[in-house]
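This is what each chain is made of:
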Amino acid sequence: MAEAFLYDAVRTPRGRGKSDGALYDQQPVRLLTSVLKALRERNALDTSLVDDVVMGCVAPVGEQGADIARTAVLTAGYDPQVAGVQLNRFCSSGLEAVNTAAARVMAGQEDLLIAGGVESMSRVPMGSDGGALFTNPEIISRHRIVPQGISADLIATKWGYSREQLDRFAADSHRKAAIAWQEGRFGRSVIPALDEIGQVLLDRDEGIRTDTTEASLARLNPAFEAIGQAGLDALALLNYPALPAIRHVHHAGNSSQITDGAAGILIGSKAIGEKLGLKPRARIRGYAVCGSEPTIMLTGPVPATRKALSRNGMSVADIDLFEINEAFAAIPLLFMEELGIDPAKVNVNGGAIALGHPLGATGAILLMTLLDELERTGKGTGLASLCIGGGMGIATIIERL
Amino acid sequence: MIHYRIQDQIAILSWNMTSQPMNVLNDESIPAFREALQKAFDDPGVTGIIVTSERNEFVAGADLKMILRLNDKPAADMFAFSMDLQRLFRSIETSGKPTVAAINGTALGGGLEITLACHRRIALRNPKAQLGLPEVTLGLLPGAGGTQRLPRLIGIAAAAPYLLEGKRLSPEEAHAAGIVDELADSPEDLLAKAIAWIKANPAPLQPWDERNKKGAIVGKDHYSVPGGGVQSPKTAPLFMGGAAQVMQKTHGNYPAPLAILSCVYEGLSINIDRALAVESRHFVKVAQSAVAKNLIGTLFFGQNEANKGASRPTGIPVTDIRKVGILGAGMMGSGIAYVSALAGIQVVLKDVSAEVAEKGKAYSAGLLEKAIQRGKSTREKADATLSLIHATGNYDDLKDCDLIIEAVFENRELKAEVTRAAEPLLRDGGVFSSNTSTLPITGLAEAAVHPDRFIGLHFFSPVDKMQLVEIILGKQTSDTALALAMDYVRKIRKTPIVVNDSWGFYTSRCFCSYTDEGIRLLREGVDPQLIEKAGVLAGMPVGPLAVSDEVALDLIYKIAGQGIKDGALAPDDASFDTASRMVSDGRLGKKAKAGFYEYPEAPAKKYLWPGLADLYPLAAEQPSLEEVKKRLLYRQSLEAQHCFHEGVIRTKLDADLGSILAWGFPAYLGGALSMKDTVGEEAFRAEAIRLAEAYGERFRPV
Numbered sequence: 001m002a003e004a005f006l007y008d009a010v011r012t013p014r015g016r017g018k019s020d021g022a023l024y025d026q027q028p029v030r031l032l033t034s035v036l037k038a039l040r041e042r043n044a045l046d047t048s049l050v051d052d053v054v055m056g057c058v059a060p061v062g063e064q065g066a067d068i069a070r071t072a073v074l075t076a077g078y079d080p081q082v083a084g085v086q087l088n089r090f091c092s093s094g095l096e097a098v099n100t101a102a103a104r105v106m107a108g109q110e111d112l113l114i115a116g117g118v119e120s121m122s123r124v125p126m127g128s129d130g131g132a133l134f135t136n137p138e139i140i141s142r143h144r145i146v147p148q149g150i151s152a153d154l155i156a157t158k159w160g161y162s163r164e165q166l167d168r169f170a171a172d173s174h175r176k177a178a179i180a181w182q183e184g185r186f187g188r189s190v191i192p193a194l195d196e197i198g199q200v201l202l203d204r205d206e207g208i209r210t211d212t213t214e215a216s217l218a219r220l221n222p223a224f225e226a227i228g229q230a231g232l233d234a235l236a237l238l239n240y241p242a243l244p245a246i247r248h249v250h251h252a253g254n255s256s257q258i259t260d261g262a263a264g265i266l267i268g269s270k271a272i273g274e275k276l277g278l279k280p281r282a283r284i285r286g287y288a289v290c291g292s293e294p295t296i297m298l299t300g301p302v303p304a305t306r307k308a309l310s311r312n313g314m315s316v317a318d319i320d321l322f323e324i325n326e327a328f329a330a331i332p333l334l335f336m337e338e339l340g341i342d343p344a345k346v347n348v349n350g351g352a353i354a355l356g357h358p359l360g361a362t363g364a365i366l367l368m369t370l371l372d373e374l375e376r377t378g379k380g381t382g383l384a385s386l387c388i389g390g391g392m393g394i395a396t397i398i399e400r401l
Numbered sequence: 001m002i003h004y005r006i007q008d009q010i011a012i013l014s015w016n017m018t019s020q021p022m023n024v025l026n027d028e029s030i031p032a033f034r035e036a037l038q039k040a041f042d043d044p045g046v047t048g049i050i051v052t053s054e055r056n057e058f059v060a061g062a063d064l065k066m067i068l069r070l071n072d073k074p075a076a077d078m079f080a081f082s083m084d085l086q087r088l089f090r091s092i093e094t095s096g097k098p099t100v101a102a103i104n105g106t107a108l109g110g111g112l113e114i115t116l117a118c119h120r121r122i123a124l125r126n127p128k129a130q131l132g133l134p135e136v137t138l139g140l141l142p143g144a145g146g147t148q149r150l151p152r153l154i155g156i157a158a159a160a161p162y163l164l165e166g167k168r169l170s171p172e173e174a175h176a177a178g179i180v181d182e183l184a185d186s187p188e189d190l191l192a193k194a195i196a197w198i199k200a201n202p203a204p205l206q207p208w209d210e211r212n213k214k215g216a217i218v219g220k221d222h223y224s225v226p227g228g229g230v231q232s233p234k235t236a237p238l239f240m241g242g243a244a245q246v247m248q249k250t251h252g253n254y255p256a257p258l259a260i261l262s263c264v265y266e267g268l269s270i271n272i273d274r275a276l277a278v279e280s281r282h283f284v285k286v287a288q289s290a291v292a293k294n295l296i297g298t299l300f301f302g303q304n305e306a307n308k309g310a311s312r313p314t315g316i317p318v319t320d321i322r323k324v325g326i327l328g329a330g331m332m333g334s335g336i337a338y339v340s341a342l343a344g345i346q347v348v349l350k351d352v353s354a355e356v357a358e359k360g361k362a363y364s365a366g367l368l369e370k371a372i373q374r375g376k377s378t379r380e381k382a383d384a385t386l387s388l389i390h391a392t393g394n395y396d397d398l399k400d401c402d403l404i405i406e407a408v409f410e411n412r413e414l415k416a417e418v419t420r421a422a423e424p425l426l427r428d429g430g431v432f433s434s435n436t437s438t439l440p441i442t443g444l445a446e447a448a449v450h451p452d453r454f455i456g457l458h459f460f461s462p463v464d465k466m467q468l469v470e471i472i473l474g475k476q477t478s479d480t481a482l483a484l485a486m487d488y489v490r491k492i493r494k495t496p497i498v499v500n501d502s503w504g505f506y507t508s509r510c511f512c513s514y515t516d517e518g519i520r521l522l523r524e525g526v527d528p529q530l531i532e533k534a535g536v537l538a539g540m541p542v543g544p545l546a547v548s549d550e551v552a553l554d555l556i557y558k559i560a561g562q563g564i565k566d567g568a569l570a571p572d573d574a575s576f577d578t579a580s581r582m583v584s585d586g587r588l589g590k591k592a593k594a595g596f597y598e599y600p601e602a603p604a605k606k607y608l609w610p611g612l613a614d615l616y617p618l619a620a621e622q623p624s625l626e627e628v629k630k631r632l633l634y635r636q637s638l639e640a641q642h643c644f645h646e647g648v649i650r651t652k653l654d655a656d657l658g659s660i661l662a663w664g665f666p667a668y669l670g671g672a673l674s675m676k677d678t679v680g681e682e683a684f685r686a687e688a689i690r691l692a693e694a695y696g697e698r699f700r701p702v
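Residue numbers (UniProt numbering), protein chains in the order written: chain A, 1 to 401; chain B, 1 to 702.
Treat the hints loosely; a few may be bogus.
What the hints assert, rightly or not - Below, a list of computed lysine to aspartate or glutamate pairs in the DMTMM-like style, where the Cα atoms sit at most 20 Å apart:
#: 1; chain 1: B; residue 1: LYS128; chain 2: B; residue 2: GLU172
#: 2; chain 1: A; residue 1: LYS345; chain 2: A; residue 2: ASP318
#: 3; chain 1: B; residue 1: LYS65; chain 2: B; residue 2: ASP77
#: 4; chain 1: B; residue 1: LYS220; chain 2: B; residue 2: ASP273
#: 5; chain 1: B; residue 1: LYS652; chain 2: B; residue 2: GLU305
#: 6; chain 1: B; residue 1: LYS285; chain 2: A; residue 2: GLU138
#: 7; chain 1: B; residue 1: LYS376; chain 2: B; residue 2: ASP273
#: 8; chain 1: A; residue 1: LYS158; chain 2: B; residue 2: GLU621
#: 9; chain 1: B; residue 1: LYS465; chain 2: B; residue 2: GLU369
#: 10; chain 1: B; residue 1: LYS605; chain 2: A; residue 2: GLU225
#: 11; chain 1: B; residue 1: LYS630; chain 2: B; residue 2: GLU697
#: 12; chain 1: A; residue 1: LYS345; chain 2: A; residue 2: GLU399
#: 13; chain 1: B; residue 1: LYS199; chain 2: B; residue 2: GLU188
#: 14; chain 1: B; residue 1: LYS249; chain 2: A; residue 2: GLU138
#: 15; chain 1: B; residue 1: LYS491; chain 2: B; residue 2: GLU305
#: 16; chain 1: B; residue 1: LYS249; chain 2: A; residue 2: GLU225
#: 17; chain 1: B; residue 1: LYS376; chain 2: B; residue 2: ASP185
#: 18; chain 1: B; residue 1: LYS234; chain 2: A; residue 2: ASP129
Treat the hints as calculated values from the structure; they're not laboratory data.
None of the values given here were measured: they were computed from a predicted structure.
The task is simple: from the sequences and hints, build the whole structure.
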């Protein structure tokens, strides 16, 4: 079997996903275009050699609809022979794109692909794509489908995570992210977002707050209590009869930030790297996806990580660094507890609580953050994982070269 | 049946069914309505149509007997029937002739659905008129376009309470909600407004319709629903919220409200012509479900039958109860006094002194005051009711009572004493009764001079809210006494069931099987949270441990102790043992703010007492939710079956109604006795045997 290598990785800074965010006036296709252009320019890429551009996008409707990957291939001025495909595995779409691209290289069918994702949550709000899973009353009632915030609170209840624990984790995420920025640890991957006349709109992730503390977070009201008490808690608890109630402990400050952003990773075979004179930065060791109980929904990273490790004959101890998406603070806590992972190895530069979670792009962003940090610290192996709507998990293992 | 006349070139179709107590949609009226409509459609001289009624009501709904009959037919037959009705109502919209519903009175269910298919709804300001779609309360869904036209008319969110809760409206409220277009002040005004509208609107279209290229009226493919379509950002989340609320309320035990949501969700995404078939499919599924059969059979027809006196001995003239004596002005006595006075019966409320009795009368005054505040009564009416209650400490005031109800403490000596003192004051042929929940009537009757005229009348608390009265026959109780007791229960508008004397009678005995199974699960180390949830999710009003606390653990201890003494319970009875442990710890239940639960000061909520884990440590292996639910339900059903076979309860209907109305056995199962039919006789038996092998002989089927 051929091997798949990561040659380069680029992303935009993450902008606040609201109408006051720096990237709000940028069309999503422009965000993605800037990533493709940067990859071409940084690698002096002959784009006619790119087989496909695989991009995750979770609300592929409106201006994110109609295959935004192919659209960006055209707007970036790539060779028109380059194809483009948009895919959606909810929050993991960006990593799913990477895994898909890697698999195609490993299968020996293609040589060079760009994989990543894009989401402008300020312009195409989460949920804009509707979907039977979230709207069909028969499916919702039979499978006890609830919003993710309820599921996250259910996890915190079931595993006994207190509000204080979650807030502490969230405050740490901001502290770690702030240090990472100060030290320029994201510098290799992040390109500034420029407007149409070349002015810098944003050159760092907009959501990091140096003034966030456990005390400031303690003042925030739980975000999902009201909707929970209007019936959704009861629906979820039908599957968890041993719990008397759901404790609502997540809020805007210990959940991932709604953001805009795009990311892309150049993935190819060994031969294409040699041909183009590119130095491979890492090798994809393997990946896994799996389904998990859909009501609690967000526990999937644990079985997905186990599956990815065992398929590759590895154990948790073989991994030097982990990136687990901070969709909600309970998720990394669960991930560390269930897998017995040392917190010092996890999200060392902060995560989506401080940096944001542009749904379609995040998976690819986690992987490049991992890669940058392995290179900075000289460590060998890393694993990125995300929880996924509908009850799924994903994990990808890379090895620095 | 449907009068047809022409006035000003307008066909007026007036419903006037004489074969039924009300105008209803049935096998007679539907063809007649079809014929009348067709006549108007076909007559070139007719420029418009008015649908109205000559009776007090407009159309009260569909005849449930027709639905029950179709219940056992193949699904395709019921679907064909339903589509036939859909096409009939649809023809009103597509005939091209303006059609107005002149709603003179109540329009419920299919009646309201007729009006929704009309181009305009004008309603008479009739204070007695009710408009609504109450199908859901009978386990059904509005199957003649209601789930499609109402949300298309007023929006999905606005229509939800009418579709999902069966909320009823006055004509004025319906006008404010946008369901009725216009109000009229008199029948003449109603007709005049209808005619005027037809003249002004010779070719109306429903908002969800358009004319195609050939000029025919068809449903719009992309009708824009007021307030937003199904997948609109504003409306889409309502379906998750709505489904969750339905599940919170029904725990998935009742299919109708979810099917209604599905009708709206699926139907409002497509044109109405195709959407009506979607509704019909869901209608057939729901109408043919065991749940709908049970709700219509037991709660609708069954309860009506019981209320009419199905269990009353025949051939005995009806007694009009005029004067009732009540001994003991405690909570039960006061409640019985209230419901008796409400029915216009003269009440003598006797306690140890007039002062104590007055306190009992004050209970009625309080309830009447609340009724005035809620606009359900007037000062005048309330005063008249209250004046019927005479509070006294004097036995002599009981003179000439038709019926005396003893409601003193559950103590044989005390009961015997008041019986001896009061019984002689009854009028000739009057009946003495005891409101006991546990003490055998035959034994209590020993204190009476006329044990043949001694009977048990077991009321439930709170008396004004609980619909059931369990009538208990002692060994010597005569049919005449039963007939009189029945006449009284009917007069106070409660539902009577009749049972034979035995330990715990019927309702207390079966109810105890529920709490007892909960306690046994606890003793086995099953997580008490799981036990409580299983009770609620199975459809019981509260968990077995919570309800034990409400009954009071010292009472359970006393009753079970008595049961052991009487030989009705084994000496090692689980409830007795656990209750005695709890009581010895001072945990008497809710009244002591300590029982299976802890009861912190409000607004904090009660929670399971953590000390239970020391008393009954959690087992390492916990049963599934379904298994716990099964144990709680089968136990009750089997106890009811034993009662039936032992002759404690005399009819299946009484057994079912008693279970639902007395202790809240889930109605979707049809009642404690009907549960085995709902599950299927064979399957029930096999499951009971399995449970008996696993958990003990109490599950052995009858």
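- Item | Which numbered hints fail | Violated: hints 7 and 17.
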